[in-house]
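Protein chains in written order, with the numbering used here: chain A, 1 to 142; chain B, 1001 to 1275.
Misleading hints may appear alongside valid ones.
What the hints assert, rightly or not - In silico EDC-like pairs for lysine to aspartate or glutamate, Cα to Cα no more than 20 Å straight-line:
1) A:LYS46 - A:ASP138
2) B:LYS1117 - B:ASP1061
3) A:LYS91 - B:GLU1206
4) B:LYS1041 - B:GLU1174
5) B:LYS1177 - B:GLU1206
6) A:LYS91 - A:GLU66
7) A:LYS46 - B:GLU1206
8) B:LYS1222 - B:ASP1061
9) A:LYS91 - B:ASP1197
These are computed hints drawn from the structure, not numbers from a lab.
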Amino acid sequence: LAAAAPPAQAAGVVEYAVVDGYTIPEPLTETPGDPVMGRKWAINRKLGNCLSCHQMPIPEEQFHGETGPALYGVGDVYSEGELRLRIVDPKALNPYSMMPSFHKVAGLNRVLDGFENKPILNAQQIEDIVAYLMTLKDTSRN
Amino acid sequence: MTTANKAFGLLSAGLLGLGLLATGPANAADDGTRIDWGPYKVDEKRSGYTYAGAQTRAMQDDEFQNPAFLWLERGMDLWETADGAANTSCADCHGDAEESMAGVATRYPIYFDDWGKLMNIEQRINWCRETQMQAEPLKWESDALLGLTAFVKNQSKGMPIDVAVDGPAAPFFEQGKAFYETRRGQLDLACTHCHVDNEGNLIRAETLSQGQANGFPTYRLKWQSVGSLHRRFRGCNRNIRAQPYPYGSDEYTNLELYVTWRGNGLPVESPSVRK
Ligand code: HEC
Ligand code: HEC
Ligand code: HEC
């Protein structure tokens, strides 16, 4: 297994190792992710705001976006480490992706005052969202 | 019928007529095959009008309901009002706007020789104020500048946009295009991600349009006010947590040329109404 050297990151961004360009097997924090909190971060428009782009089994929220694939059953398709990379830095997989890299600040351009050098989600929030996505086992949509 | 009643009558007739189509945001975006959009759709180019809900469209179509006409009337008054050390009005030099200003908005932004760079309508108006009237320039997003801009552009209503991007305008056009395609902000998105790749898709509750410029200045329900194209640019920049550029900056005027060119052939629609 070839672990790529982690990119130079700013304060607030935890170091991580991408393995085989496909997964981050090691959790970013000591505290295990909490799926209940993860669901909250996913909804929160100032944090994950995942619903702006994805349809998810979150029926109490109206208007799920459709610029990304639906996430029903995504916890059945990917491992925890694969989901972690897909949130931390989806551009490692697809440099053309529309999806923001939620825990990476290197290479950003003209970030709004007050948001410079800050990742969109902190390390614990990433772990919580990964834990939540791992609960999405049902691919049947209902 | 009073004016208000007449307007309401028009509005409800419009809603009834379109009632079948108003089934939800996703349908509103896809119903190109069910509504003949007339001049609002030219080949693959679609005005933001074709993504707006039936109620918003009805509000735009009816002068009595369209709140932007309050600004436009302000502009009409200012057209006749003498100002500045030269004590002249727009009308003193340009006469009847219906004649002198017809078609002007289809050509802007233009390359302006004296500046060696682009000039849009707002900047033209302020150029006239400063050099011709010896008056103070009007502030961006002031009711006066929005009103005059809406009034001038409205004289080209229905005429196809036809901005030139060759000759001396070409390098500025290229800069605008590069801006449009460059990722920026904490969310790391370019205009293309939303307005080209995802046109017609929902981003949360909003149906993404092609981001066309032909309706500006626009009355936005969210703003409860008329706003300029540059205000919209600033909003789209902030939404992805990117540092916006100043109103009237070269960056935004170059971007304005590129965005306006994307809509060459679409009719001038100012003042439009949007959500
Ligand atoms: C601005 C749009 C956008 C946002 C916001 C967004 N995503 Fe995505 N996401 C995408 C797109 C587009 C893809 C498709 C793959 C690609 O292009 O990289 C994707 C792919 C994914 C995948 C892989 C799905 C698959 O079927 O392969 C997962 C998992 C995912 N996103 C989770 C999330 C989570 C969790 C959040 C919020 C923390 C989020 N996304 C926020 C646009 C977005
Ligand atoms: C994250 C998505 C996103 C990005 C990136 C984005 N916009 Fe927008 N834009 C929107 C939404 C949502 C609207 C409102 C609905 C619509 O008309 O698309 C909008 C509206 C507009 C409109 C008004 C269209 C009308 O008919 O009134 C213009 C013009 C526009 N955008 C230009 C731009 C430009 C230029 C950029 C890049 C600097 C940009 N946008 C980047 C989401 C985005
Ligand atoms: C003292 C004369 C004078 C006054 C007053 C004046 N203008 Fe002008 N205006 C000009 C001249 C000269 C031009 C440039 C004509 C050209 O280069 O073709 C011009 C050009 C314009 C154009 C662009 C026309 C085109 O075909 O490109 C617009 C729009 C305009 N003026 C609006 C206004 C408005 C609005 C006012 C009042 C706030 C105003 N002008 C006041 C002299 C004046």
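To see whether the hints hold, each was checked on the structure:
1. A:LYS46 - A:ASP138: violated, 27 Å
2. B:LYS1117 - B:ASP1061: violated, 35 Å
3. A:LYS91 - B:GLU1206: Since the Cα atoms of LYS91 (chain A) and GLU1206 (chain B) sit roughly 25 Å apart, the hinted pair is violated (cutoff 20 Å).
4. B:LYS1041 - B:GLU1174: The hint is violated at about 25 Å.
5. B:LYS1177 - B:GLU1206: Roughly 24 Å separates the two Cα atoms, so the pair is violated.
6. A:LYS91 - A:GLU66: Holds, because 19 Å separates the two Cα atoms, which is no more than 20 Å.
7. A:LYS46 - B:GLU1206: The given pair, whose Cα atoms are some 17 Å apart, holds under the 20 Å limit.
8. B:LYS1222 - B:ASP1061: Holds, at roughly 19 Å.
9. A:LYS91 - B:ASP1197: With Cα atoms ~17 Å apart, LYS91 (chain A) and ASP1197 (chain B) stay inside 20 Å; holds.
In the structure shown, a violation is registered for the earlier hints numbered 1, 2, 3, 4 and 5, in ascending order.
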